[in-house]
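Whenever a hint applies, use it, and build me the whole structure from the sequences.
Chains A and B are the protein sequences, given in the same order. According to this note's numbering, the stretch in the first sequence is residues 1 to 278, in order. According to this note's numbering, the stretch in the second sequence is residues 1 to 300, in order.
Rather than coming from a laboratory, the hints here were simulated on the basis of the structure. All values reported here derive from a predicted model rather than from experimental measurement. By construction, the Cβ of each residue, glycine as well, lies at the ideal position given by its N, Cα and C atoms. Treat each hint with caution, since some may be false.
With the C-beta cut set under 7 Å, the calculated list includes, among others, these residues of chain B facing chain A [as the list claims (entries may be wrong)]:
1) S190
2) G194
3) L212
4) G277
5) L280
6) L281
7) P285
8) L288
9) V292
10) W295
11) I299
DSSO-like cross-link-like pairs, simulated, lysine-lysine; straight-line CA separation at most 27 Å [as the list claims (entries may be wrong)]:
12) A/K203 - B/K247
13) A/K69 - A/K56
14) B/K247 - B/K185
15) B/K118 - B/K101
16) A/K237 - A/K69
17) A/K270 - B/K247
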Amino acid sequence: MSQHNENNSLIDDLIDNDEPETTPMYASSQAPQAPQVIEPQIPQPKSHMFQLNFYKKFFDLNTEDFFEKIKNAINPFNHQLNLIKEDDEEITELYGFFWITGTLIFLMFVSSTGSNLLSNWLHSKKDKEYEYNFDLLTISISLFYGYNLIVPFILFSVTTWVLKFPERLSLTKMVSVFGYTNILWFPITIINFLIVLLINNEKHHTLLNILEWIIVSISGVVTGLSNLSKIGPVLLKNLSLIGDVDPQRNYYILMGSLIFAHMIFTVLVKISFFGISV
Amino acid sequence: MNHNYTDPDIDDFIIPDEEPVNNSYHQSSQPPPPPTNTSTNSNTGFLPWTKVDLSSTFTPFTSSKAFTDNNTVREHQYSGGDTLDEPVLTTLSRDLLRIWKRLTIVIWPHQLAKLASKQQGILIDFANSNGINLPESIRNRRISVSNNDEDEAQSTIDFNNLDWDLWGPLIFSLFYSVVLGMSSKTNTNSVFSGSFSFIWIFFIVIGLNIQLLGGNISFMSAISAVGYSMFPLTVGELICSLFIGWKFLRLIIMAVLCIWSIYSGVLSLKCSGVLPGRVLLAVYPVGLMYSVLSWLSVIT
Chain A
1 MSQHNENNSL IDDLIDNDEP ETTPMYASSQ APQAPQVIEP QIPQPKSHMF QLNFYKKFFD
61 LNTEDFFEKI KNAINPFNHQ LNLIKEDDEE ITELYGFFWI TGTLIFLMFV SSTGSNLLSN
121 WLHSKKDKEY EYNFDLLTIS ISLFYGYNLI VPFILFSVTT WVLKFPERLS LTKMVSVFGY
181 TNILWFPITI INFLIVLLIN NEKHHTLLNI LEWIIVSISG VVTGLSNLSK IGPVLLKNLS
241 LIGDVDPQRN YYILMGSLIF AHMIFTVLVK ISFFGISV
Chain B
1 MNHNYTDPDI DDFIIPDEEP VNNSYHQSSQ PPPPPTNTST NSNTGFLPWT KVDLSSTFTP
61 FTSSKAFTDN NTVREHQYSG GDTLDEPVLT TLSRDLLRIW KRLTIVIWPH QLAKLASKQQ
121 GILIDFANSN GINLPESIRN RRISVSNNDE DEAQSTIDFN NLDWDLWGPL IFSLFYSVVL
181 GMSSKTNTNS VFSGSFSFIW IFFIVIGLNI QLLGGNISFM SAISAVGYSM FPLTVGELIC
241 SLFIGWKFLR LIIMAVLCIW SIYSGVLSLK CSGVLPGRVL LAVYPVGLMY SVLSWLSVIT
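So this is what it looks like as structure tokens:
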């Protein structure tokens, strides 16, 4: 019977050995009952942050899960995320952040250069040919990756080390939230083409410019709201947990600075990618 | 620890995978190597333990000398062979032939399709017999073991053609950036250096990405596969910048060639063994990179 029991637990160990920590725990609890068994030396897959294995857990993702996450991210006011770091919860992956942002960079670059070419071809009377700027690619890489990494990092350090939140925010989760929000920028890269197609830059330069400001600011507002609606509740909850004299004031300061950062980011996006230069 | 979930079938799944390896290990190494002493004892004494900790039972094998001697690693760098006493021309021509062979795979990637599907089938079987989500710790070693058991003999010829070397990536990336730099009128230097470094950063990121997603493909062979598959793009770029001025026609040509490149890249990567559920995730960045490169050559 005991053998059977053991078999049961063995099978179970087979099934959910996603967490390698359970194995040594189980072994130590069984050790007194079965002392004749010599434990195999279990080398824990320990790895520190300068090894590749350390980062493997951030890329543990299947294709179906990925599409599920994208579907969730398309709705900007989806509150299913939990930003607080909990040990028993699965680790957030960073694949989405990395490649969605990469795709956005590519789309922005294509949209910017393509719309310029299109405008030049359709409407321009001058013989001057549009020459794309290679630096735009470098600028866009640093702008998008920079914003989506630096803002979560600053928020993380402020909340963890300055305000000392009782429930630490998870840095990877915030980065992931910011990364998936980038999907909401995608539509305007196509709308940009349509605007350039329909409106002559030379005749109606102001109109075109105003329209582009409008679409960029709409996307800016949507993405900003999407981020804030996910981060805001966690901030408010933590601030009231601290027992501050005035939790509302800190909350408004944090949210205000996030909004300010996002506004600057939106303006930079408009200046670098939208608009016809020829 | 009494769980209500009992399924005797799981034992059936696990044992056949493991027992042969276990036996062969014991036969092949009568004097067990020092680092594996403790685990060998426990394996012989108490068999169910071998079924429990797949990770722990496999580490001794993978790290032991017996394992490394018995199991040839399938994916390796192409290293010319003995080149000391032969004329330089022979060496050169052999190496060039080698690169050419690798290129023919890229030019006609469909010859890999059968191999790729077989390889993916092996991986899927493997995933099924281990539960739906593979545990991270076991994944890589298990794949390499099960691959070595099955149809090694049939596929060696094909796999020899997929040995990695960095000639292809180097030549094509250089060629691509030189042409791109030349065809840009104003800032040749920055375009050349920018695109060259961009390509190589992308190679490295793609290699890392595949490594991180898991699978038994090595970093260098991923770079090699991605680099060789760039070939249609470089040809298309040369044609576009020399003969075709019309941007719309360029766009069509580059789109076709880009799909070609992506297709051959996908097949090469599949053969090298990316995990079944993640092929799309591993391949998507490659597609993104090829799209960037084709777009750059369209607009230059």
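Exercise for the section: Compare the structure with the hints numbered earlier in the document and write down the numbers of the violated ones, lowest to highest. Expected result: none
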